[in-house]
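So the chains spell out like this:
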Amino acid sequence: MSQPIKDNICENAFFEHFYKKYAKDLHNFLYYKFGERLNPEDKVQEAFIKVWQNCSKISPDKAKSFLFTTANNLMLNAVAHEKVVLKYNKQPQKSATKESPEFVMQEKEYHQKLQKALSNLTEAQRVAFLMNRVEGKRFKEIASLLDISTKAVEKRIYGALKKLREDIKEL
Amino acid sequence: MNKDELIKKWLDNNLNSQEQKAFEQLPDYKEIIRLGNAMTSFKAPEFIADKSFEALKPKIYTKSHKNWYRTLLRIAAVLALGFSIYYYSGSLDTNINTDIAQLTTVELPDTSEVELNANSSITYNNRKWEENREVHLSGEAFFKVAKGKKFDVITNDGIVSVLGTQFNVKQRKNYFEVTCFEGLVSIKYNGSETKLKPGNTVKLIDGKHLIAKENIFASAPTWLEGESSFTEIPLKHVISELENHYNLTVDSDEVDTSRLFTGSFTHKNLDLALKSITIPLNLGYNKSGSSIVLRRE
Chain A
1 MSQPIKDNIC ENAFFEHFYK KYAKDLHNFL YYKFGERLNP EDKVQEAFIK
51 VWQNCSKISP DKAKSFLFTT ANNLMLNAVA HEKVVLKYNK QPQKSATKES
101 PEFVMQEKEY HQKLQKALSN LTEAQRVAFL MNRVEGKRFK EIASLLDIST
151 KAVEKRIYGA LKKLREDIKE L
Chain B
1 MNKDELIKKW LDNNLNSQEQ KAFEQLPDYK EIIRLGNAMT SFKAPEFIAD
51 KSFEALKPKI YTKSHKNWYR TLLRIAAVLA LGFSIYYYSG SLDTNINTDI
101 AQLTTVELPD TSEVELNANS SITYNNRKWE ENREVHLSGE AFFKVAKGKK
151 FDVITNDGIV SVLGTQFNVK QRKNYFEVTC FEGLVSIKYN GSETKLKPGN
201 TVKLIDGKHL IAKENIFASA PTWLEGESSF TEIPLKHVIS ELENHYNLTV
251 DSDEVDTSRL FTGSFTHKNL DLALKSITIP LNLGYNKSGS SIVLRRE
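These protein sequence lines are chains A and B, in that order.
Here the first sequence is numbered in our numbering, starting from 1 and rising by one per residue.
Here the second sequence is numbered in our numbering, starting from 1 and rising by one per residue.
These are computed hints drawn from the structure, not numbers from a lab.
Don't take each hint at face value.
Calculated cross-link-like contacts (lysine to aspartate or glutamate; reagent style EDC-like; alpha-carbon spacing at most 16 Å) [stated by the list, open to error]:
hint, chain 1, residue 1, chain 2, residue 2
1, B, Lys287, B, Asp253
2, B, Lys9, A, Glu141
3, B, Lys57, A, Glu16
4, A, Lys24, B, Glu46
5, B, Lys43, A, Glu36
6, A, Lys116, A, Glu170
None of these values were measured; they are calculated from a predicted model.
Next comes chain A alone, as it looks inside the complex (with noise of 0.2 Å):
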């Protein structure tokens, strides 16, 4: 691991090198847990535009730490506790006629009843488990874009995944 030259992070280069490394997933993250009502892009740029601000406090090996918690206070400012409902997007069927209607139509009941829990997990889980399961990241990456442990991870999306069975058992 190469050592940071400098204190901190006031330079055109390596901001554009660390917006571009984070900026996706930072968009992501804000929209797993909070939905998409409150602007989670807008957040992204508010969160980039003050770390730029304290360029001159911020180390390197800070900075992404710095950026996911300004951003998550960013959106706690503009939020109370609500229930967050995630878009469902359709995908698209590769052929329709091979699915009968019933097919079609126990599929879209199935995908409601996911999205009801989703929004019945609890924050961290419906977080930890959507970078899983939709962003395809392993343990290890979404432990170090959240600042907790690899174990904790595990707990949440594990903790995730048999909740949501049994709420799609329930309903």
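Got chain A; can you put chain B on it based on the hints?
Relative to chain A, chain B alone:
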């Protein structure tokens, strides 16, 4: 490996081929897979980092320009403050003093030279020198003035003006004396004006006014060479001058200090100096520490 562990490994994309087979054998397998597949529909809206960075750049980089600008302003403010302090202090007068037994040479802004005798002081303004050559003197100084505009030496007893010349001004208590060594010197004092040619001296001592022509045509006063000379000067003024060059007090209560003295004393040897003064006047002295008592012989 139990069921939970397998599922956890699957979640982490961490199954080897053996474990994968075992996982597929689980009764929960189908249900879990269905759930997993359905999750893909909950993907976050698209976010293209490159595009959004371009949108961010103007917001960020004007702000950093603001930082530059603010820093520049701060530097400018400090510089402005620095310059005004420098300018202000430059416009103040320059003051040079000599202590007892100390002689010094001062070069004025136009290369005019001032030799300052002991226990004297001059004051002048560096910044205003070009328009106005003016020196305030208290004590004694020999001036070598560079040719140019009017040069004034201002003392409490009178003003000496020259255009380019060499002259000596002595202003002590009850003693005002100007000697011209070269050129022409104009002196304003006592309400009148007198012009001096080389070799001439004007004295105002104890209220007595005298214009004299020195016989010895020196080019400069002797005190510059370490010797104070006097021509018919009351003893008390000789003693005063002695006290300017040696750190001592002279008690002259027992002698008549209005007696006139002609001669000189050295700055470099106190006993010799004392003898030079006392012997011609038939006086003696007692010395204890830095105190001299004069007595009649």
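Here is how each hint holds up against the structure:
Distance check on the hinted pair: B:Lys287 and B:Asp253 sit about 15 Å apart at the alpha-carbon level, within 16 Å; holds. With a C-alpha separation of about 15 Å, the suggested pair B:Lys9 and A:Glu141 falls inside the 16 Å cut-off, and the hint holds. Simply put, B:Lys57 and A:Glu16 have alpha-carbon atoms about 9 Å apart, close enough for the 16 Å limit, and the pair holds. As the CA atoms of A:Lys24 and B:Glu46 are separated by approximately 9 Å, the hinted pair is consistent with the 16 Å bound.
Taking the CA atoms of B:Lys43 and A:Glu36, the gap is near 11 Å; set against the 16 Å cutoff, the hint holds. Our distance criterion of 16 Å between C-alpha atoms is met by A:Lys116 and A:Glu170, whose separation comes to about 12 Å.
The structure fails none of the hints (numbered hints given earlier).
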